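S.K.: Assemble the whole structure, with the sequences as input and the hints as a guide.
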Amino acid sequence: MNQFAAGYDSGTQTAVLLFFTFLVTCTLLLSVFAGPERDDLAEFYTGYRTLTPFKNGLAIAGDYISAATVLSTTGIIALFGYDGFVLATSTGMSLVVLMFLLAEPLRNAGRFTMGDVLARTMRGRSVRIAASVVTLAACLPFLIVQLSGAGSLLTAILGIHLDGARTVSIAMIGTLMVAYAAMGGMRGTALIQIIKIVMLLGSSAVVAALVLSRFGWSADALLRAAQAGSGAGEAYLRQGLELGRTTEGKLDFIGLQLTVVLGVACLPHVTMRLYSAPDAPAVRRSMSWAVGAVTTFCLLGTVMGAGAAAMVGARLITGADPEGRTSVLMLARAFGAAAPSIGETLLYAAVCGTVFVTLLSSVSGLTLAAASSLAHDLFGHAMRDGRAAARTELAVARWAAVGVGATAVALAALVQDWNVAVMTTTALAIGASAVAPALTYSLFWRGFGRTGLLAALYGGTGCVLLLTVFSTAVSGGPTALFPDRDFHWFPLQTAGLVSIPFGFLAGWLGSRYDRRRRDGTAAESRRRYEAGEARLLAGAG
Amino acid sequence: MTYYGDTWHHWQPPPPAAPPPRPPVRPTELRRLRSAYRLLRRVSALTALGYFVLFLLLSVLARDTMGTRVAGELTLGTLMGLSQLAVTFAAVRWYERSARRSVDPLARRVRQQTESAGGAAR
Numbered sequence: 001m002n003q004f005a006a007g008y009d010s011g012t013q014t015a016v017l018l019f020f021t022f023l024v025t026c027t028l029l030l031s032v033f034a035g036p037e038r039d040d041l042a043e044f045y046t047g048y049r050t051l052t053p054f055k056n057g058l059a060i061a062g063d064y065i066s067a068a069t070v071l072s073t074t075g076i077i078a079l080f081g082y083d084g085f086v087l088a089t090s091t092g093m094s095l096v097v098l099m100f101l102l103a104e105p106l107r108n109a110g111r112f113t114m115g116d117v118l119a120r121t122m123r124g125r126s127v128r129i130a131a132s133v134v135t136l137a138a139c140l141p142f143l144i145v146q147l148s149g150a151g152s153l154l155t156a157i158l159g160i161h162l163d164g165a166r167t168v169s170i171a172m173i174g175t176l177m178v179a180y181a182a183m184g185g186m187r188g189t190a191l192i193q194i195i196k197i198v199m200l201l202g203s204s205a206v207v208a209a210l211v212l213s214r215f216g217w218s219a220d221a222l223l224r225a226a227q228a229g230s231g232a233g234e235a236y237l238r239q240g241l242e243l244g245r246t247t248e249g250k251l252d253f254i255g256l257q258l259t260v261v262l263g264v265a266c267l268p269h270v271t272m273r274l275y276s277a278p279d280a281p282a283v284r285r286s287m288s289w290a291v292g293a294v295t296t297f298c299l300l301g302t303v304m305g306a307g308a309a310a311m312v313g314a315r316l317i318t319g320a321d322p323e324g325r326t327s328v329l330m331l332a333r334a335f336g337a338a339a340p341s342i343g344e345t346l347l348y349a350a351v352c353g354t355v356f357v358t359l360l361s362s363v364s365g366l367t368l369a370a371a372s373s374l375a376h377d378l379f380g381h382a383m384r385d386g387r388a389a390a391r392t393e394l395a396v397a398r399w400a401a402v403g404v405g406a407t408a409v410a411l412a413a414l415v416q417d418w419n420v421a422v423m424t425t426t427a428l429a430i431g432a433s434a435v436a437p438a439l440t441y442s443l444f445w446r447g448f449g450r451t452g453l454l455a456a457l458y459g460g461t462g463c464v465l466l467l468t469v470f471s472t473a474v475s476g477g478p479t480a481l482f483p484d485r486d487f488h489w490f491p492l493q494t495a496g497l498v499s500i501p502f503g504f505l506a507g508w509l510g511s512r513y514d515r516r517r518r519d520g521t522a523a524e525s526r527r528r529y530e531a532g533e534a535r536l537l538a539g540a541g
Numbered sequence: 001m002t003y004y005g006d007t008w009h010h011w012q013p014p015p016p017a018a019p020p021p022r023p024p025v026r027p028t029e030l031r032r033l034r035s036a037y038r039l040l041r042r043v044s045a046l047t048a049l050g051y052f053v054l055f056l057l058l059s060v061l062a063r064d065t066m067g068t069r070v071a072g073e074l075t076l077g078t079l080m081g082l083s084q085l086a087v088t089f090a091a092v093r094w095y096e097r098s099a100r101r102s103v104d105p106l107a108r109r110v111r112q113q114t115e116s117a118g119g120a121a122r
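Chain order of the listed sequences is A and B.
All letters in the first sequence, in the order written, are residues 1 to 541 by UniProt numbering.
All letters in the second sequence, in the order written, are residues 1 to 122 by UniProt numbering.
No lab work stands behind these hints, which were simulated from the structure alone.
No experiment lies behind these values; they were computed from the predicted model shown.
In this text, a Cβ means the ideal position worked out from N, Cα and C, and glycines have one as well.
Heads up, a few of these hints could be off.
[Said to hold, decoys possible] Example chain B residues on the side facing chain A (calculated, C-beta under 8 Å, incomplete):
#1 33
#2 49
#3 52
#4 75
#5 78
#6 79
#7 81
#8 84
#9 110
[Claimed, not checked] Label pairs and their in silico Cβ distance ranges:
#10 B:61 to A:414: 27 to 33 Å
#11 A:484 to B:93: 38 to 44 Å
#12 B:57 to A:25: 45 to 51 Å
[To be verified] EDC-like mimics (lysine to aspartate or glutamate), calculated; alpha carbons at most 20 Å apart, straight line:
#13 A:55 to A:43
#14 A:250 to A:234
#15 A:250 to B:64
#16 A:55 to B:96
M.R.: Structure representation (structure tokens):
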């Protein structure tokens, strides 16, 4: 990060710092004033049911586009060209799949959390516990990777080079994220997500327009300069730079894209936003706004990534961060490289502010999803059988946010010097291999039994964790988490290609086992499914 | 707040021990709604996902073909990626329009039946 931080003048840094303070004050005030009433659980878990589909769609898009998406995807586009283009397409696709396949029945079946959806056809606390465990398993790695990235980013932007500065920034961002989640609940974070997505689309549009105008509004000139700047030449516009052209590389690439398509939209903090729409037509309208916002951002991100390759160059980008996560910031900086004018300084401050708000909002969304599941599924239902007082459950949810936040901050500070990019794919793979099969079967298959559900949730998660630990992303390669060790036997970086089929298969086999055993649980699940079908499909009752 | 939103607020999770018997909905309406939704899901998801999977597989397996230049620096692969945008928007529009026409009226009828049957049962 040092090269990136070099060449900063103090005026720019003051502007950025002032802007950060302004943003933090505004968003904190918002989340306090918009926070739910003392004991209104529905307001805490779902926020405003009165939000128009347009605003709700923006909030969904805000939750959906994480800081990891903004920073990593543009970085991958800048460094690896075509592979990044495909990744941006997959990111957009995932929300479309959510909209077409799951969104409406999910809204009708769910109340607050994933546990509510899954437990509607099955009895027993084991279902609630499993839902909570998988929610945590998906949210925590994603939270840790973004927090630890936030630490390095903040110190780089502000140009602080003291020992422990990163740990302090991680703790500061962690405190803010807990504050947003615990005070604001879904109501407060909805507003922050809307602000974030508007800022993100606005500043991306300006940067992308500036990039294009720099190249005379000609995509040709931009692509030519990007090929030259990336140092890869022709290969920049062909698949294979990121993971190589070996058979493993090809399989890994396909597996990664499938994991993204099935995984991103199934992450609990995204699906949780759907429950706040008043009915199925409203969720449909919201989702089409969200898809519009997300695909627009993916297009702008592609232009920005190519612009970073063209104007900054791969050598400088990898010098600052081997994964290219600072490329957006370096691009914003490249406009005023020689002698920054007021406008260029403002542009840089705006881009930094956008990245900062994106980081804050995505980590607080994740914290909220994890805390809600702990309070509602684990405490409210598994421990108190759904009989906890609303006020108690709300207090538990707030303390759970503190607990989740503290754990995540501690772990993020611990791993801040490691290459933790593998945690992003782990979280996505859990979404695709455990959450996706469980939700799909639960919503569309009346024969789905309890053993099947537990097998899909625990089996999918376990398969992802096992394969990832012994994959090339963790050991046995220069970019691995432990580059000096080698204990891998799984030849790919992403577990998805094996774990997604495994999760679906486990759910199916488990349900068959339920039916074979004939102890009545399978029949009961089926009866409950049929009894609830009018509600599932029509929102009736 | 809409009427449905209101009923939703009063909805409580069924007690875990014995699920209450649901008021009967005329099965034909529910079945028609189910198959309308299924058709909608299949067509829209197959269109959008099918195009994407084709794009992904071609990118990996037919790398040289996808790398041929179509216009200036624009390669076939980049062009296919860009047209994914158009396919997505078209699919979303189609999905919304057909859902309004085929699913929503059926869902409304099922809801009315459930509510009137529920009122009679109570």
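S.K.: Confirm or reject each hint.
M.R.: Each hint tested on the structure:
| no. | hint | verdict |
| --- | --- | --- |
| 1 | 33 | holds (5 Å) |
| 2 | 49 | holds (7 Å) |
| 3 | 52 | holds (5 Å) |
| 4 | 75 | holds (5 Å) |
| 5 | 78 | holds (6 Å) |
| 6 | 79 | violated (11 Å) |
| 7 | 81 | holds (5 Å) |
| 8 | 84 | holds (5 Å) |
| 9 | 110 | holds (4 Å) |
| 10 | B:61 to A:414: 27 to 33 Å | violated (42 Å) |
| 11 | A:484 to B:93: 38 to 44 Å | violated (53 Å) |
| 12 | B:57 to A:25: 45 to 51 Å | holds (50 Å) |
| 13 | A:55 to A:43 | holds (16 Å) |
| 14 | A:250 to A:234 | holds (19 Å) |
| 15 | A:250 to B:64 | holds (14 Å) |
| 16 | A:55 to B:96 | holds (18 Å) |
Consistency note: the structure conflicts with the earlier hints numbered 6, 10, 11.
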